[in-house]
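A.B. asks: Chain residues, written in single-letter form:
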Amino acid sequence: MFGMKKIRKINKSNDSSAKTEAKHIKIPSSKVEFIEKLKEITHSPADLMIKEISDTITIIYVDFLIDVNTLNEQILPTLEKTDCATPRIIKESLLVAEVDLGSELNKCVLEMLIGAVLIHVEGNSELVIAKISAYQTRSLTTPENESQVIGSQIGFNESLATNISLIRRYITNPNLSNEKYVIGKETNTSLSVLYIKGIASEEYVNTVRQRIIDLDVSDILDSAILTELIDDNSLTIFPQMLLTERPDRFCDGLLSGKVGIVVNGSSMAILCPYTFFEFFQSREDQNLRWPIATFLRLLRFSAILISIFFTPIYVATLTFHYEVIPQPLLVPLSESRAIVPFPPIIEALFLELIIELLREAGARLPTKVGQTIGIVGGIVLGTAAVQAGITSNILIIIIALCALSAFTTPNYVMGNVIRILRFPIIFLAGFWGFYGIMFAFCLLIIHLLRQSSLGAPYLQPFYPPRWKDMADSVIRLPLPFINRQPILTSRKVNDKASNNNSSNEEKMKQS
Amino acid sequence: MRKIKLILILLICCSLITGCAETKILERISLVTLIGYDNGDEDKVTATTVVRQINPEFESRVETQTETEATSKGTRIKVDMKTAKKLAAGQLRVVLYGEELAKQGIEESIQTLLSNSEISTSVYLAVVRGESKTLIEQNYEGISDIGQHLYNLIDHNIEQQQLISSTLHEIGRDNQSKVRNFALPILKKEGQFIGITGTAFFNKGKMVGELPSSDISYLVLICDSFKSGTLELSLDSESISPTVETKGDTLNLAVDSIKSKSIIKVTDAKKNEFDLNILLKCRLLETSNKIDISDPKVNKTIEKAMNEKIESEISRIIKYTKEIESDIFGFGEEYRSQVRGANLTEEKWMEMYKKMKLNINVDVEIIRNGVYE
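Sequence lines, in order, name chains A and B.
For reference, each letter of the first sequence is one residue, going 1 to 511 in the UniProt record's numbering.
For reference, each letter of the second sequence is one residue, going 1 to 373 in the UniProt record's numbering.
Not one of these hints is a red herring.
The calculated DMTMM-like cross-link candidates involving lysine to aspartate or glutamate, where the alpha carbons are at most 25 Å apart (straight line), are:
#1 B/44 / B/107
#2 A/26 / A/104
#3 B/24 / A/335
#4 B/82 / A/335
#5 A/51 / A/126
#6 B/82 / A/323
#7 B/133 / B/63
#8 B/85 / A/335
#9 B/86 / A/323
#10 B/3 / A/232
#11 A/180 / A/219
#12 B/354 / B/325
#13 B/259 / B/275
#14 B/3 / A/231
#15 B/78 / A/323
#16 B/227 / B/333
One side of the interface only, derived from the structure: several residues of chain B facing chain A at Cβ under 8 Å:
#17 21
#18 24
#19 27
#20 29
#21 54
#22 90
#23 93
#24 151
No lab work stands behind these hints, which were simulated from the structure alone.
Positions of the beta carbon are idealized from the N, C-alpha and C atoms, including for glycine.
Assemble the whole structure, with the sequences as input and the hints as a guide.
C.D. replies: This is the structure in structure tokens:
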């Protein structure tokens, strides 16, 4: 019911003219008129089923959207027994869990399109809505993009109901709030905002609510699109909200005070606010012993640095700063470079491009063909390029190391960012050497410092420094040391801050 | 709009500035790894450079070029004219000076090296007995790259504290100080090998004296904290009898320092009196006689004899440096830092150094014996 209210709210707040007009469509009490009106609204699609049970009762549904078994075993027999009845009696006698009465045609049609059977009784301007929707959904499988060795092996699928049921299996708690919204003028996509009352900060919940309500879009086909629409900064390359297909990771976020969004039709759920460093954490870190988890995290963070800066350092060193090459490396480096006709920047860009092409080709091709790409790329291009004298073999090792490092990022979106970031830095390194790299590094830090996620600083817990949250950042200390509700999402801190802000604003208004 | 303009201007500037950066692509330059300076005719300097040439046949060639010109930059231009690729000195590891040039003074050369930003200050400096040109140009069997070979030779000996560290940084520091002089190792060609034969002492950038390589350990002991060096001593049997009996006249010992500390203290500024306290904790590596070191009496006696021996050696060395007027140990610096209002000048300090009274206290402690690596 709460969700329904919300929908009405959206209708009111958004474009009132069109919706208020639609709201006034009343349900004709005559059967013929009703059917005609309905056909007019839905443009009589081929899968619209209209069935006359008796002279008075007509049922209407969309084929394939409903559970035929329930229709046959529960609804049809009941309707046949009750002959001359009012919708209220039918509603009470139906042995279906979700039955409702509707008096607005548009709303009823919407329900029908989600998967309800509409029951019209001659002479009544109310409809019985029996929701017996049956989705054709994919069965629950292991998450493919966020695989982990230890831990649950279940991933979200594309059905909102299944996903929420998965979440409720993890968090059995009446405080788990679920606010339903419908957005997208054309698609009417339903989505749920989930948070745990008492843990999640009201400020963040309000922000998310506000941003979703204010959206004016025609369609939302995937949650990834939604993240871009409600991000703090849509122009930046860095993601500010997490897209995850793991229910355990999602619930972990909810329990630490984050706000989650699940979109119907998308197997990725959104978690926010999210900080830069959290993107490099894996749920599995919690499942491993802490020294191992700490080691893996440090490995991942050093992999970022390697991945972003290793090739640029190679380029800068060989182009400008031959002085810094250690003496034992001098001979092998220069000998491998000797036959290469290009300057290091061209050589590096060429190889990086090959790697990116291989990756992209591998991602787009069917899995069976994808394997050949690996062979072609790894053996043919790699060795041939060195033998042909286009690249040096030391650079091949460096590029491979960088590519490998980029793939250690547990989050795919962030992994892409790390991979792409390298290119502008290679250019700067090729033009200005170490100065260029430092310039890029400074720009990167400044940019990251300016980012926020739902208004929370993006580089927490390093800036602003939150010592308590350090225990679960680039390292992971034993669980007793970890604050389950980090300062980032802490209710006390954030709500206090927001109260102060709001009171300030009020003061401003008064004055 | 203003922001876009700003970004545009920045981008244009960036792309234009790229032209200003001078590229030195590794394989398109000739790397100078060693330079030897000698005295040329008529005030000119002869530079012998070892250049590593990289060619596409996956092998690098080392060639030596010799040119004589009035300035070192002049020789560089001349050598540049002979090489296919641009000369670059950034990988320079060792700079050698011929004995004769060293005696005439190398102060200017050190300044030139220091002011070249391309050259690292970790370059090693050394003096060559005779001419550096002959040392460099000789074909040695088994030494493919003489630049690298000399670097390794000096580097590992400094690491093992068998040489006084002679990096450009340290020499430059000592040279710029008014009251301190520096010392460089002396290299000598010995048939097919190159060896370190001693230490050259400098005063005002001119080589004024030298000590053989057997004295280097004592120099390191005074100058530096001795961590890994080995000290060889021969004690008179008189000094240790009758507690320890020896077969011959002397007892030869080798000790390996575990920890040493040398402290220079000005005890009386007016009387020009200094204390040199050396604390040496060592382990006994080798003796020419079998001695029972576990006996505390024997231990004490040997320690005492070692103290005396080291004290006498050090006073001999200090006396020599006084004669040649080269304060490489930094007594002057200590005086300047410890005495308020010292106002030392070069001449004043040299006078003082010659008359300096030094009390040497050596405290040797044998803390381990029998096992070493």
